[in-house]
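2 protein chains.
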Amino acid sequence: MEVLKNKFITIKAHVEDAPQECMFELKTQIILGLLEPESNGVIVKCLYASIDPAQINRMKTQCSSQTSVAPASKITPGMMISGSGVGRVVASKHPDFQKNDIVYGSLEWAEYTIFKNGNMLWKLDTKEFPLSYHIGVFGTSGLTAYGGFFHICKPKKGEKVFVSAAAGSVGNLVGQYAKLFGCYVVGCAGSKQKVDLLKGKLGFDDAFNYKEDVDLKSTIQRYFPDGIDIYFDNVGGEMLEAAIANMNNFGRVAACGAMSDYTNSGKRATLNMMDVTYKRITIKGFLSLDFSSEYIKDFISTTTDYVRAGELCVLEDISHGIESIPYAFNGLFQGRNIGKQIVQISEE
Amino acid sequence: MEVLKNKFITIKAHVEDAPQECMFELKTQIILGLLEPESNGVIVKCLYASIDPAQINRMKTQCSSQTSVAPASKITPGMMISGSGVGRVVASKHPDFQKNDIVYGSLEWAEYTIFKNGNMLWKLDTKEFPLSYHIGVFGTSGLTAYGGFFHICKPKKGEKVFVSAAAGSVGNLVGQYAKLFGCYVVGCAGSKQKVDLLKGKLGFDDAFNYKEDVDLKSTIQRYFPDGIDIYFDNVGGEMLEAAIANMNNFGRVAACGAMSDYTNSGKRATLNMMDVTYKRITIKGFLSLDFSSEYIKDFISTTTDYVRAGELCVLEDISHGIESIPYAFNGLFQGRNIGKQIVQISEE
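Protein chains in written order, with the numbering used here: chain A, 81 to 428; chain B, 81 to 428.
Hints are computed from structural coordinates only; laboratory data are not their basis. Careful, some of the hints might be misleading.
The list cannot tell twin chains apart, which means a pair is met if one copy fits it or any two copies do.
[To be verified] With a Cα cut of at most 25 Å, we get these calculated BS3-like pairs of lysine-lysine:
1. K140 / K203
2. K203 / K281
3. K347 / K297
4. K359 / K234
5. K154 / K359
6. K291 / K234
7. K236 / K85
8. K125 / K173
9. K87 / K154
10. K87 / K179
11. K297 / K377
12. K359 / K272
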């Protein structure tokens with residue numbers, strides 16, 4: 081195995097607005113499957129790729145300081161697109177990895193990813209759970225939900241929690257963690273099917289379809305007659321404005337994402353700063369990469385227990401084949417996905 | 081002394097926009113200067129009244145839930161207007177207070193304030209400092225600056241601090257505390273005179289006149305080429321937007337006030353929530369009334385030491401006579417005051 085044909089997905093031009101399938105293309109490169117001896121290099125065949133809305137922010141023309149995304153992570157046309165993934169080692173010169181090991185790491189939206197140094201790969205225990213769980217409920221989505229809710233929002237039992245994009249990869253887990261912890265949880269989503277899922281299978285106390293309501297502020301007030309204590313914000317824009325208007329004193333907002341800012345589909349949140357001051361509201365931006373390894377251990381241990389006991393429902397939306405990535409990515413912005421969007425690139 | 085003529089200031093109608101002098105009137109009431117025996121009552125003659133921008137929020141028609149100001153503190157036309165003040169006891173049935181004691185408390189914008197129960201008055205030590213200091217540097221303005229900066233912003237030495245309305249009652253103290261603590265401090269204000277004062281007498285590292293600059297975002301960038309770590313926000317609106325755009329990772333915003341939201345003179349801040357998330361910015365609203373008595377002791381002790389040593393410059397803007405209150409209050413919104421706006425209502 082010295083020469084590999086490697087199919088990968090790239091952008092044709094920078095993506096400024098909601099991504100369309102035609103903005104992407106499938107390319108093929110020829111790579112050498114040989115690694116330098118004693119190089120610590122690893123070649124990984126991608127099995128499951130994580131498809132996340134925030135990846136669009138790296139595809140924009142102005143990706144660095146203007147949008148606060150680190151310049152190093154900028155994606156230019158023709159370049160490979162990285163994201164978290166689970167794969168199988170096909171070649172390794174790294175002492176920690178052997179052929180056929182299953183690993184987690186930052187993989188390309190490609191059939192193969194070559195690591196000159198495999199130090200940023202983690203070997204996975206493959207016995208108990210489906211491999212895809214490691215990029216969803218046990219991966220960045222899970223950690224974002226867990227750390228964002230517990231560490232950033234510092235909930236108390238009985239508090240009232242509002243989650244937007246509640247059927248999304250992070251939102252559905254936030255709501256479930258909050259319920260397991262003993263909070264009152266209402267989620268919003270963009271279809272009846274999602275609302276039914278939240279109220280049914282996921283056990284939210286209530287949920288509503290934001291597309292059916294003209295006045296978000298009074299809709300939220302109906303669901304929270306006693307106000308919101310915690311708002312887990314995945315969308316920004318008008319939903320954030322309406323949530324702030326309904327927050328209680330000492331309310332907390334976890335600023336996890338701003339879907340409506342990622343593309344120009346929505347408008348930015350115009351904040352009532354008097355509300356923020358008088359109600360002593362805290363709005364806190366965070367990224368999962370800041371959580372310590374100690375904290376991550378705690379997250380994995382708690383979440384494993386919940387999943388094992390069947391208390392946490394794992395929602396995955398898996399499409400198949402590298403060719404399906406553009407459609408799957410577009411679906412995030414159309415609200416097609418339910419739960420974590422994953423593309424299975426190769427058979428296990 | 082059984083009957084007192086009591087002059088007081090009130091609003092003619094609810095005040096929705098920048099307050100004009102003609103919106104206020106001076107009225108006179110006749111009050112009995114007699115207190116019920118064993119009533120704990122106290123009558124206080126006001127010497128110095130604190131004039132604060134936030135008082136306008138209580139004068140609006142929609143003052144309660146819509147603007148998050150407690151309904152109890154709402155001011156209706158014809159009613160007296162309370163604020164912090166220093167006064168002299170003229171009659172007391174309270175065991176802790178005697179005639180001629182100097183006290184601090186919530187006094188009316190009036191010559192006399194009657195307390196049915198004097199438990200919310202504090203006797204002042206009058207020996208060392210001018211009495212007016214107790215409603216400024218040692219009062220709510222000082223506590224807001226001290227607690228807002230140290231407790232809310234959690235500064236580290238060497239961090240870069242931006243203060244808006246920096247020549248105002250709170251802003252000037254924030255900047256001075258930050259300099260004494262070892263931060264790099266830039267303030268903005270609305271006139272050359274104020275800017276000179278900040279850079280000269282108050283020892284700010286730099287300052288600028290925001291009225292002279294069209295593009296706040298690039299102006300701030302010029303003053304903070306390495307970004308802002310802490311923004312102490314007294315104004316909201318476009319200044320907040322421009323500050324957020326220039327903030328460093330893990331930056332903190334103390335949402336102390338939103339002058340541009342208080343009246344309709346400015347526009348609300350349209351926040352870039354992607355910046356908030358990616359840069360892990362915390363925006364935190366706070367009110368000085370939440371600080372514990374332990375914390376207040378610490379504030380008083382530190383601040384007294386600084387003032388005594390001449391390290392903290394006390395900026396007061398004192399006008400005279402109860403009739404001058406409407407002009408003084410209007411001046412806050414015109415930017416006329418330099419430092420703490422006070423009205424001396426009676427001679428000591």
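Evaluated hints:
{"no.": "1", "hint": "K140 / K203", "verdict": "neither (33 Å within a copy, 62 Å between copies)"}
{"no.": "2", "hint": "K203 / K281", "verdict": "neither (32 Å within a copy, 62 Å between copies)"}
{"no.": "3", "hint": "K347 / K297", "verdict": "both (16 Å within a copy, 20 Å between copies)"}
{"no.": "4", "hint": "K359 / K234", "verdict": "both (17 Å within a copy, 20 Å between copies)"}
{"no.": "5", "hint": "K154 / K359", "verdict": "between (38 Å within a copy, 16 Å between copies)"}
{"no.": "6", "hint": "K291 / K234", "verdict": "neither (30 Å within a copy, 41 Å between copies)"}
{"no.": "7", "hint": "K236 / K85", "verdict": "neither (53 Å within a copy, 53 Å between copies)"}
{"no.": "8", "hint": "K125 / K173", "verdict": "within (15 Å within a copy, 86 Å between copies)"}
{"no.": "9", "hint": "K87 / K154", "verdict": "within (21 Å within a copy, 67 Å between copies)"}
{"no.": "10", "hint": "K87 / K179", "verdict": "within (21 Å within a copy, 90 Å between copies)"}
{"no.": "11", "hint": "K297 / K377", "verdict": "neither (39 Å within a copy, 41 Å between copies)"}
{"no.": "12", "hint": "K359 / K272", "verdict": "neither (33 Å within a copy, 35 Å between copies)"}
The structure shown violates the earlier hints numbered 1, 2, 6, 7, 11 and 12.
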